Amino acid sequence: MPTLDFRTAIRDALDEELARDERVVLFGEDVASVQGGVFAATPGLQERHGSERVFDTPISELAITGAAYGAAVNGLRPVIEIMFGDFLFLAMDSLVNQSAKFFYLSGGRGSVPLVVRSAVGAGGRFGAIHSQSPIGWFHNVPGIKVAAPSSPSEAKALLKAAIRDDNPVLFLEHKRLYGVKEEVDGDVPDVPLGRARVAREGADVTLVSVMKGVGDCLQAAEALAADGISAEVLDLRTLRPMDTDAILASLAKTHRLAVVEEGPANGGWGGEVLAVAAEHGLHDVDDVWRLATPEHPIPYSPPLEDAFLPGVEAIVASVRSRLGAASH
Amino acid sequence: MSASATTGAQAGAQTQDGLDLYRRMRLIRRFEDTIQSLFQKGEVHGTTHLYSGQEAVAVGVSSALGDEDRVAGTYRGHGHALALGVDPQGLLDEMLGRATGVCGGRAGSMNVIDLEHRLMGCYGIIGGSIAAATGASLALRRTGGVAVAYFGDGTTNQGYFHECLNFAKVMSLPVLYVCENNLYGEFTPWEDVTAGRIEARPETFGIPAVTIDGNDVWVVRDAAREAVGRARAGEGPQFIQAMTYRFVGHSRSDPGAYRKPGELEAWRERDPLKVARERLVGALGAGDADVDAIDAEVDEQLERMVQAGLAAPYPQPGPVPEFA
Numbered sequence: 001m002p003t004l005d006f007r008t009a010i011r012d013a014l015d016e017e018l019a020r021d022e023r024v025v026l027f028g029e030d031v032a033s034v035q036g037g038v039f040a041a042t043p044g045l046q047e048r049h050g051s052e053r054v055f056d057t058p059i060s061e062l063a064i065t066g067a068a069y070g071a072a073v074n075g076l077r078p079v080i081e082i083m084f085g086d087f088l089f090l091a092m093d094s095l096v097n098q099s100a101k102f103f104y105l106s107g108g109r110g111s112v113p114l115v116v117r118s119a120v121g122a123g124g125r126f127g128a129i130h131s132q133s134p135i136g137w138f139h140n141v142p143g144i145k146v147a148a149p150s151s152p153s154e155a156k157a158l159l160k161a162a163i164r165d166d167n168p169v170l171f172l173e174h175k176r177l178y179g180v181k182e183e184v185d186g187d188v189p190d191v192p193l194g195r196a197r198v199a200r201e202g203a204d205v206t207l208v209s210v211m212k213g214v215g216d217c218l219q220a221a222e223a224l225a226a227d228g229i230s231a232e233v234l235d236l237r238t239l240r241p242m243d244t245d246a247i248l249a250s251l252a253k254t255h256r257l258a259v260v261e262e263g264p265a266n267g268g269w270g271g272e273v274l275a276v277a278a279e280h281g282l283h284d285v286d287d288v289w290r291l292a293t294p295e296h297p298i299p300y301s302p303p304l305e306d307a308f309l310p311g312v313e314a315i316v317a318s319v320r321s322r323l324g325a326a327s328h
Numbered sequence: 001m002s003a004s005a006t007t008g009a010q011a012g013a014q015t016q017d018g019l020d021l022y023r024r025m026r027l028i029r030r031f032e033d034t035i036q037s038l039f040q041k042g043e044v045h046g047t048t049h050l051y052s053g054q055e056a057v058a059v060g061v062s063s064a065l066g067d068e069d070r071v072a073g074t075y076r077g078h079g080h081a082l083a084l085g086v087d088p089q090g091l092l093d094e095m096l097g098r099a100t101g102v103c104g105g106r107a108g109s110m111n112v113i114d115l116e117h118r119l120m121g122c123y124g125i126i127g128g129s130i131a132a133a134t135g136a137s138l139a140l141r142r143t144g145g146v147a148v149a150y151f152g153d154g155t156t157n158q159g160y161f162h163e164c165l166n167f168a169k170v171m172s173l174p175v176l177y178v179c180e181n182n183l184y185g186e187f188t189p190w191e192d193v194t195a196g197r198i199e200a201r202p203e204t205f206g207i208p209a210v211t212i213d214g215n216d217v218w219v220v221r222d223a224a225r226e227a228v229g230r231a232r233a234g235e236g237p238q239f240i241q242a243m244t245y246r247f248v249g250h251s252r253s254d255p256g257a258y259r260k261p262g263e264l265e266a267w268r269e270r271d272p273l274k275v276a277r278e279r280l281v282g283a284l285g286a287g288d289a290d291v292d293a294i295d296a297e298v299d300e301q302l303e304r305m306v307q308a309g310l311a312a313p314y315p316q317p318g319p320v321p322e323f324a
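Residue numbers (the working numbering), protein chains in the order written: chain Z, 1 to 328; chain L, 1 to 324.
FYI, nobody ran anything at the bench for these hints, they're computed from the structure. Computed from a prediction, not measured in an experiment: that's the story for all the values here. One thing to keep in mind: the hints can contain errors.
Stated by the list, open to error - Computed footprint of chain Z on chain L; a stretch qualifies when at least three of its residues, placed anywhere within it, have a C-beta under 8 Å from a C-beta of chain Z:
(1) 108 to 120
(2) 126 to 140
(3) 163 to 170
Unchecked claim - Cβ-to-Cβ under 10 Å is the rule here; a few derived chain L residues that face chain Z:
(4) 104
(5) 197
(6) 321
Said to hold, decoys possible - So the derived label-pair ranges between C-beta atoms look like this:
(7) 56/Z - 196/L: 25 to 31 Å
(8) 195/Z - 40/L: 48 to 54 Å
(9) 75/Z - 16/L: 31 to 37 Å
(10) 56/Z - 233/L: 21 to 27 Å
(11) 263/L - 22/Z: 38 to 44 Å
(12) 320/L - 33/Z: 38 to 44 Å
(13) 195/Z - 142/L: 32 to 38 Å
(14) 304/Z - 196/L: 42 to 48 Å
For each residue, glycine too, the CB sits at the ideal point set by N, CA and C.
Chain L on its own, in the form it takes in the complex:
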């Protein structure tokens, strides 16, 4: 094989890999659009916290993980789950409260668990993910695995954050803390309620911390690969602050009136899907048609999923065992 053919094959693999990352992000975006629409129709209940705008973080981090690793997500966790390969139909059915949901309809939007797909849980109260991943790493250090905790900027002001980062560092645990800084804790700008720099906090504990562009899936993946590699090599906990932005309100009842003028529009220019498409058709040599085809396929997938989900049975009330 000639050198140019090898390079061509490598480029083809890179392009395909990029298209796969794009497809996963597109699936999350359209999943969240679908949840919003089903919510408005009364088919999704309670409340939801959508991941729209932050897709590159979970997809980038997940692409750096192995089968032996485990993840703790948040109440904004649909993206964390889908990025790990949780069955989209099972996740949708869970949101619809159906028996075919990934937790049988018991958990709902904020509390999804799927151990088979490495998701130890999503945590409805901030900080729970940090504790869960810290503890998971006590088990995973026996098998070479790394635990990942996702959490937001607001969680850095919570007790779990400080207790667990210290705990993990003194025990040199293989855990990666991923702070998704989307600039707002619920409705409040993070800088109004957070003293100093977020990345200075892990640094105080001696935990290596980087701040990255959370809307570029390749940047996220590179940072995650480095951090996971160090954790796996026994270098202790690692910290990534991924700067990103949610395109929707905190929860379904939030119109986002607190946003600064022009802020949403500016971040829309940095939409992780737009960033990925530009790189795909630019440096990675994919065609617009390749990306358009993914968009169409994902749209069709969601349509089929909604039909199946709405036709799925509800769980039947009845006695359940209290204990394992």
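So here's chain Z without its partners, still in its complex pose:
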């Protein structure tokens, strides 16, 4: 069966949407270069679609994001790349104060069809300010969507959906996924934003995650199965809007739910999942908890960073411990 890797999935989605709709434009730092950006996700797109639609920008996050907003409210459908998620903080005014509010403030007469691609996530020894996943910052902003794909096929489908969406969408690409390959048979089916998927069926506990965390949860579920624990893995795919129905449906089945979040628990999206369970599914809850990162910046040194992240072993140990405690 043919394979699709995550980088190519991103490039193919961009290529197909650029070809499908001439209002789509792509710009950012180094995206038009021969290498196709620092993460090599966009090579060849300028050659195929021209320098007016695919172009490099100055290293100016404010200008890139602000210009994308201005272009979006005047008829284009820009896709921009903010190289590292940590750099999104430089562009918050444009994303939060302008893009996210335009639809509401305009009385619904205008919208901002904008996609902000950004590479996030730790594990690459990039240190404290090139490794963050700043989801909580955007989770608190009405008017913006946040997509966080877990695999090549999910990335391709969700990026196409994001480009076709009329709202600002933050599209997060986990750095540790760029090299991931997947067997894909034919075209990737469409996926709507805001809909989770059950990545593995289970009966005893639900593991909820996004991006690289989904793969970690799947590996953990495999290990737990050897212990006779049946774990369901829920890939939220889109964090905002969040598929609360899927969370509650899985909780009703397993009665135990753990969120695996690569980021601090304080103010994170995992807290929202637990709030959904408490507010709307309390009668189904035997146990809910979070695996998140410690409340300090992301360290550089390999043993420190490895211990910092909620990996497969930590997930397995946590589930064993909580289910053991619950059953005695």
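With the hints as your guide, set chain L onto chain Z.
Chain L in isolation, oriented as in the chain Z frame:
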């Protein structure tokens, strides 16, 4: 037709055109007077930043634009909106927080959007207008349009200014940057917090820049026509620094105690309405009665608008869609 009759017809058209410019400026001035009075009565809420004194800039620039062009205004944006033809009643109702407001009462004074009248937005945080217009020009270059950003002297010290001027120049975008230098960033004299000359900054980027009398609507229009024409012809971004002065405080809470002695009085002599009236009754051959008639008509218009606005319904709270 004789040569003198042609000249007479042209002069008549020029006079009428001048009266139209005057009417628009007068409408902005009286609109702002009305907002101030309604604010004091508790009918306009939060804060307001009035355009009084700067009318010639927006009216002059707008008179140089076409249907295909787009504008990004500022939090001092009532004048930017009215100069573009935004419905005055809809704008007033927005300030009053009514359902009939141009944004349904959702936006208020600092954040007005009216896409149908070419206003992509007004930006409550300085610099937003620069980014919005820069981005708009990426879209407008496909259709021959030009984007205009208004901003103040204070914004030239903001990150957006430097990032976007460079961005627009390297991409040769059709955008006109209009710096309204009213001498103060909030309460602080611009020269106390700004290194060098403002017009030297765009010049460093290779962007043509002119500094003009921002209180003479004809001077502004001529400069805007030239700049917009160059941008439309593919010559890239253009920059105008319009020297002007606000006759009121920065916002409603500012009495303007920082003004230098005699400064306000000196600028009052250069009131854009006074300048326009003098030119109309002088070189353009209008009568004082023609100008007085406009004043009276605008006053009546505002009175009717206030009555209608205060009678308009408030929007009802209720669920609204988060997404388009």
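Each hint tested on the structure:
A count of 5 residues in the stretch 108 to 120 of chain L with a Cβ less than 8 Å from any Cβ of chain Z is obtained; the coverage claim is therefore met, three being the minimum. Counting residues of the stretch 126 to 140 of chain L whose beta-carbon sits less than 8 Å from any beta-carbon of chain Z gives 13, enough to reach three: the coverage restraint holds. Counting residues of the stretch 163 to 170 of chain L whose beta carbon lies closer than 8 Å to any beta carbon of chain Z gives 5, which meets the minimum of three for the stated coverage. Taking 10 Å as the C-beta cut-off, the interface hint given for residue 104/L holds, the closest approach to chain Z being about 4 Å.
For the restraint placing residue 197/L at the interface with chain Z, the shortest Cβ-Cβ distance is roughly 23 Å, beyond the 10 Å limit, so the hint is violated. Proximity of residue 321/L to chain Z holds as hinted, the smallest CB-CB distance being about 7 Å (cut-off 10 Å). The beta-carbon spacing between residue 56/Z and residue 196/L, approximately 30 Å, falls within the hinted interval of 25 to 31 Å. The given range of 48 to 54 Å is respected by residue 195/Z and residue 40/L, whose C-beta atoms sit roughly 52 Å from each other.
Taking 31 to 37 Å as the suggested C-beta distance range, the pair residue 75/Z and residue 16/L conforms, at roughly 35 Å. Under the hint 21 to 27 Å, the C-beta atoms of residue 56/Z and residue 233/L, about 25 Å apart, fit the expected range. A hinted range of 38 to 44 Å is violated for the C-beta pair residue 263/L and residue 22/Z, which are about 53 Å apart. A beta carbon spacing of about 43 Å between residue 320/L and residue 33/Z agrees with the range 38 to 44 Å that was offered as a hint.
Taken as a hint, the range 32 to 38 Å holds for the pair residue 195/Z and residue 142/L, whose Cβ atoms sit roughly 34 Å apart. For residue 304/Z and residue 196/L, the Cβ-Cβ distance of about 47 Å falls inside the hinted range of 42 to 48 Å, so the restraint holds.
Consistency note: the structure conflicts with the earlier hints numbered 5, 11.
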